[in-house]
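*Asks:* As a plain string of letters, each chain reads:
There are 2 protein chains.
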Amino acid sequence: MGPVQLADTRRDVVLRLLEMLREAHGRKADLVVFPELALTTFFPRYWMSQEEAQARYFETGMPGPDTQPLFDEACKLGIGFYLGYAELTPGGQPYNASILVDKTGGIVGKYRKIHLPGHDDHKLDAPFQHLEKKYFNVGDKTFGVWDTLGARIGMCLCNDRRWPETWRVMALQSAEVVVLGYNTPSLNIHWPEPVHLRMHHHLVTLQASAYQNCVWAAAAAKCGSENGHHMIGGSVIVAPTGEIVAQASTEGDEVIMVNADLSLGDTFRKHVFDFARHRRPEHYALIVDRIGPGEPLR
Amino acid sequence: MGPVQLADTRRDVVLRLLEMLREAHGRKADLVVFPELALTTFFPRYWMSQEEAQARYFETGMPGPDTQPLFDEACKLGIGFYLGYAELTPGGQPYNASILVDKTGGIVGKYRKIHLPGHDDHKLDAPFQHLEKKYFNVGDKTFGVWDTLGARIGMCLCNDRRWPETWRVMALQSAEVVVLGYNTPSLNIHWPEPVHLRMHHHLVTLQASAYQNCVWAAAAAKCGSENGHHMIGGSVIVAPTGEIVAQASTEGDEVIMVNADLSLGDTFRKHVFDFARHRRPEHYALIVDRIGPGEPLR
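These protein sequences, in sequence, are chains A and B. For what it's worth, the UniProt record's numbering labels the leading residue of the first sequence as 1, then goes sequentially. For what it's worth, the UniProt record's numbering labels the leading residue of the second sequence as 1, then goes sequentially.
Hints listed in this document are in silico derivations from the structure and should not be mistaken for laboratory results. Mixed in with the good hints, there may be bad ones.
Because identical chains cannot be distinguished in the list, a pair is counted as satisfied if it fits within a single copy or across any two copies.
[Stated by the list, open to error] In silico lysine-lysine, PhoX-like type, Cα no more than 25 Å apart, as pairs:
hint	residue 1	residue 2
1	Lys134	Lys270
2	Lys141	Lys110
3	Lys134	Lys110
4	Lys133	Lys270
5	Lys270	Lys103
6	Lys270	Lys76
7	Lys133	Lys103
8	Lys76	Lys110
9	Lys141	Lys28
Generate coordinates for the entire structure from the input sequences, incorporating the hints supplied.
*Replies:* Below you can see the structure in the form of structure tokens.
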């Protein structure tokens, strides 16, 4: 998905999502994966008050008046979708969230982002901010997997994909497909990281994680330049072999599609990654016992 | 390292290891990584009794008479090494083990393989066996990290590298370098997996794991054809950027070398992978609570 500018309305954005939904349906897709925070610009790059952020960028209901057409069209066409957006709960709790919608337009699952990157302070020397830790709470539930659309589908968001724990918790719930949206700035505000590495990390992490967890992975970028702030593209669909089987070639709105053979994952689950035979949780305790790194055990 | 044939003696093999040790020293290396089960052929491909395997292929002491020259030369040159071998303890317990030896020729760390691949039954229809589960016990200690040779160095072996838990447990002990040896058959005995995928899985997993854990990784193959059984090569050194910075280009004895800047890992540890700020172990419980995959949590 191409950029969303500050001046774009949610109505403008939903029209673009509808266009892609229809194209995907024309290509016989069952499920469309839209990006993280798909309805607005990637606003965590701007410093503002919580109140201003929530008033301008958060959804208080889903579907809401502007997003209802997406649900209606999905139901009419008989196609499911994943959508990322900023959620403000009735109790006033803010989350970076995603939903999974089935072919009847019903929400079957919700996920609230766990690995929030960035910071919560105003970095005056940075070219822009990355304020996810300011605007969002950490997700209140672990990673989930839902039986829908003929598959077991897990959800995560953006930075979650870099953490192997994310994938493993879904694989241990028998996920066959993992879907995620992301917004990844091309510039690293902390050090002059070469831009090509940002894409490399995105791709190599998805490929290894799909392989190690025997899942199909579909990752959808919002990308290109939002009011002068460029984000990497590289939306991909990765097979359980770790191979990229479809990749976006533009930084605009673009539909990529595969007909995923779910049994390809079974081949790996039965042999090299037969978890029940090969995993050794008795030696993994440190993964839950420590948060940050510590001294060697001996 | 090229193949070891059934007819080769340990003395023959140690002469080859000494040659590579000297070449590495000439290139100013501090540490040399030798393969898994480096002293013999990859014997888990053959069905035999435990007694026969132990008599032919296991070391009852380290150093032993045949390996002593390696320790002596390392001490004389002032160079450390990692070596994989089949260990039979004084109590008669068999392990697929590795040791880390410092510049004085002293053993500073030992690791016993945790993720044993393959099977323990005789697969009569298979072109060869993969009997690690027959000949070895599962390692009795978790992954370790040792402060030696100017770095914090973790060890694992072969199939361990495919499991993200392996790397994480070492990163949580502040590993800066991970070293490992492997023997990976080119043929998958369970299904007709394309050979190029075997190499792809090896490389993509190392690259993602080095990046996700902010470590330098050095992986040494024993490769080429052992009595008609071909194994993939692809020995590599991977930077914490996830980039391959050195790769073997032959299937014979070959030394590859890098001068690793350990501070490159710090850059990632301080920002995107600042574990203390970003990890959420409260959502990782399933990783230790389940062995195999189960039902979705909700």
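*Asks:* Decide, hint by hint, whether the structure agrees.
*Replies:* Status of the hints after comparison with the structure:
Proximity of Lys134 to Lys270 under the C-alpha cut-off of 25 Å is restricted to the inter-copy arrangement: shortest distance 19 Å between copies versus 43 Å within a copy. When the C-alpha separation of Lys141 and Lys110 is checked against a cutoff of 25 Å, the pair qualifies only within one copy, where the shortest distance is 10 Å, while the shortest distance between copies is 39 Å. When the C-alpha separation of Lys134 and Lys110 is checked against a cutoff of 25 Å, the pair qualifies only within one copy, where the shortest distance is 21 Å, while the shortest distance between copies is 45 Å. Proximity of Lys133 and Lys270 under a CA criterion of 25 Å is satisfied inter-copy only: 16 Å between copies versus 40 Å inside one chain copy.
Proximity of Lys270 to Lys103 under the C-alpha cut-off of 25 Å is found in neither arrangement, the shortest distances being 31 Å within a copy and 43 Å between copies. Proximity of Lys270 and Lys76 under a CA criterion of 25 Å is satisfied in neither setting, with 39 Å inside one chain copy and 48 Å between copies. Taking the shortest Cα distances, Lys133 and Lys103 never come within 25 Å of each other, neither inside one copy (34 Å) nor across copies (46 Å). Proximity of Lys76 and Lys110 under a CA criterion of 25 Å is satisfied intra-copy only: 22 Å inside one chain copy versus 62 Å between copies.
Taking the shortest Cα distances, Lys141 and Lys28 never come within 25 Å of each other, neither inside one copy (33 Å) nor across copies (51 Å).
Violation of the numbered hints given earlier is confined to hints 5, 6, 7 and 9; the remaining hints are satisfied by the structure.
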